[in-house]
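Could you slot chain Z onto chain S? The hints should help.
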Amino acid sequence: MGASSLRKKITVNTIIHLILILLAVICLFPIVLVFINSFKENSEIVRNPLSLPDILHLENYIQAWTTGKFAKGFLNSIKLTGCTVIIVLFCSTLAGYVLSGKRIKGSGAILMYFMVAMTVPIQLFLFPLYYAYAKMNLIGNIPATSVILAATYMPLAIFLMRTFFLNVPKELEEAARIDGANTRQVIWSVMRPVVSPGMITVAILIGLQSWNEYLITSTFLQGEKNFTATLGFLSMSGSYGSNMSILMASAMILIGPIIIFFLLTQKHFIDGMVSGAVKG
Amino acid sequence: MSKKKKINWNYLLIAPALLISVCVILVPGIMTVVYSFTDWNGLSPDINFIGLQNYQELFHDNIFFTAIKNNFIWAIMFLTIPVFLGMLSAMLLLSRKKTRSIYQVAFLIPYVLAPSVNAMLWLNIMFSPVVGVVAFLRNTFGWDISSPLANMKTAIYACAGVDIWHYWSYLTVIYLAALRQVPTDQVEAARVEGCNGWQLFRYVYLPNIMPTIKLMFIMITIGSFLSFDYVKLLTGGGPAHSTEVLGTYAYSFAFGSMKVGKAAAVGMFISIFGLIASIIYARMTQKESME
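Going down the list, the sequences are from chains S and Z. Quick note: the first sequence, position 252, residue 280 per our numbering, numbers continuous. Quick note: the second sequence, position 122, residue 125 per our numbering, numbers continuous.
With the rest of the complex left out, here is chain S (with noise of 0.2 Å):
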């Protein structure tokens, strides 16, 4: 390879390389800059929201923690993801499981109910539900919300646990069958384990969902007492919205644990977004 070749490919690899930490300066930059205000007193940020602290407040956090009511929110937050997770895995592995074949009558139905039921806007089924649920005193109920996150997230959730068991070698089923196991057999011994990675995608995937997710619990959860952590913190900066250095260091408190989250399980994370969209 000759000199200019070679010029030419390390100019070609360093435009590469600019456009993309250019493109992740885009992505990064507002979270680090609520990185760094966390630590700054409010007037600090008012003077210049861009300069680096002097002394690290660490005092933000403490007092975000409080006046966010983190400690309750968070509590909240993780039994609205749990149910939502539980019922969601119980219930899409064994639809997935029964629509993966020829097993019932009407599987082509059903698939095509939940294709549409998939695209469905909140807005379409949001409001009698809320005015039911207001009947029947659920409103503020964190279990009765993640039913109705568990059914908007179910589709999804079933055509991936489908996709998981149609990788399922038939034999696998065939041969514990000839040796006279019963469905439930098949499902607990012979299935769940080879599926369980692809449970484990859906049970991510759905989990974080169901942690970020605005329209249906603003709707559902009323009370403060049954604020998730976000909710919490966007009651939090509706009235408290003038005293930056507590919305930076709260907002870090619900920004931190999601990045270690999504960094642990980014294998999964990106498998579970990918074999929704692209025919592998």
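One or more of the hints may lead you astray.
Stretch by stretch, here's where chain S covers chain Z in the computed footprint (C-beta under 8 Å, at least three residues) [unchecked claim]: (1) 53 to 67; (2) 112 to 120.
27 Å max Cα-Cα, derived BS3-like pairs, lysine-lysine [stated by the list, open to error]: (3) Z:100 to S:130; (4) Z:100 to S:295; (5) Z:101 to S:36; (6) S:295 to Z:217; (7) S:163 to Z:262; (8) S:295 to S:100; (9) S:37 to Z:101; (10) S:97 to S:107; (11) S:36 to Z:100.
Calculated directly from the structure, the hints in this document are not laboratory data. Built from N, CA and C at the ideal position, the CB exists for glycine as well.
Same frame as chain S, but now just chain Z:
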């Protein structure tokens, strides 16, 4: 024993998923269709059928048309900017085998954060005319700028911009995964033939990932008519309803002015736009499978 075997347990296994979906989505969905022909306010027990009046009123409602226009602006912006950025970054990442995952993770961080957190950090640290970057630029350089969210002309673009900032890397991941499935022998053959980078993209990669691009195209279109979170959180539909989208407009009818019937009618429009996109997609895939 032999009698038991005849029961098809599979019906029981699919029951929980169907039951939840029918109770939460199908039945309330049908009720919404019915309510859209009534004057129900959500509370009073008497519900009167008023025919098409809700729809007629919407057709004489300027805000309703603003909302539709904003949804179209949203769709056009989402079908261009993130698609371009996603495709560009996916093509660039395709050749970066070592650094690929680092970039991908950095791009995805806004995507995994909650909309409420993203909206709050843009609202305060970026757009705020008192403490944000906007204020800093004005005070330091004397630029004549204020929050783009406060201006009726720019607010919708600012809202969509924040949502795009949050969303575009999703497309990077999807496109990259599709690009990586393009058979390497085709790529090699094109290289041997002397294709340059653009030709390689145009004649080898693009046709191969066309199904994914089309699917994303439909998903983005449907999603654009569902947009809600960022508008609600950043502007609440204001200033003076200039950023209202169908999602927020329906919501304000249902919980602001207690016109559930009208909210249902707006909800029907959101569904119809989504349905049209779905039908076009179904047609497209059908045609392809016949070819």
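Comparing the hints with the structure gives:
1. Counting residues of the region 53 to 67 of chain Z whose beta carbon lies closer than 8 Å to any beta carbon of chain S gives 0, which falls short of the minimum of three for the stated coverage.
2. Evaluation of the coverage hint for the region 112 to 120 of chain Z: fulfilled, as 8 residues show C-beta separations to chain S shorter than 8 Å, against a requirement of three.
3. With a CA separation close to 41 Å, the supplied pair residue 100 (chain Z) and residue 130 (chain S) exceeds the 27 Å bound.
4. Of the pairs offered as hints, the one joining residue 100 (chain Z) and residue 295 (chain S) holds, with about 16 Å between alpha carbons and a cut-off of 27 Å not exceeded.
5. Under the criterion of a C-alpha separation no larger than 27 Å, the hint pairing residue 101 (chain Z) with residue 36 (chain S) is consistent with the structure, at around 20 Å.
6. Proximity of residue 295 (chain S) to residue 217 (chain Z) is assessed by CA-CA distance (about 25 Å); at most 27 Å being required, the pair is judged to hold.
7. Between residue 163 (chain S) and residue 262 (chain Z), the direct Cα distance comes to roughly 18 Å. Compliance with the 27 Å bound is thereby established for this hinted pair.
8. At most 27 Å may separate the alpha-carbon atoms for a hinted pair to count; residue 295 (chain S) and residue 100 (chain S) exceed this at roughly 31 Å.
9. Of the supplied pair hints, the one linking residue 37 (chain S) and residue 101 (chain Z) holds, its CA atoms being roughly 17 Å apart against a limit of 27 Å.
10. In summary, the hint linking residue 97 (chain S) to residue 107 (chain S) is supported, as the alpha carbons are separated by about 16 Å, within the 27 Å threshold.
11. For the suggested pair residue 36 (chain S) and residue 100 (chain Z), the alpha carbons sit about 20 Å apart, so the restraint of at most 27 Å is met.
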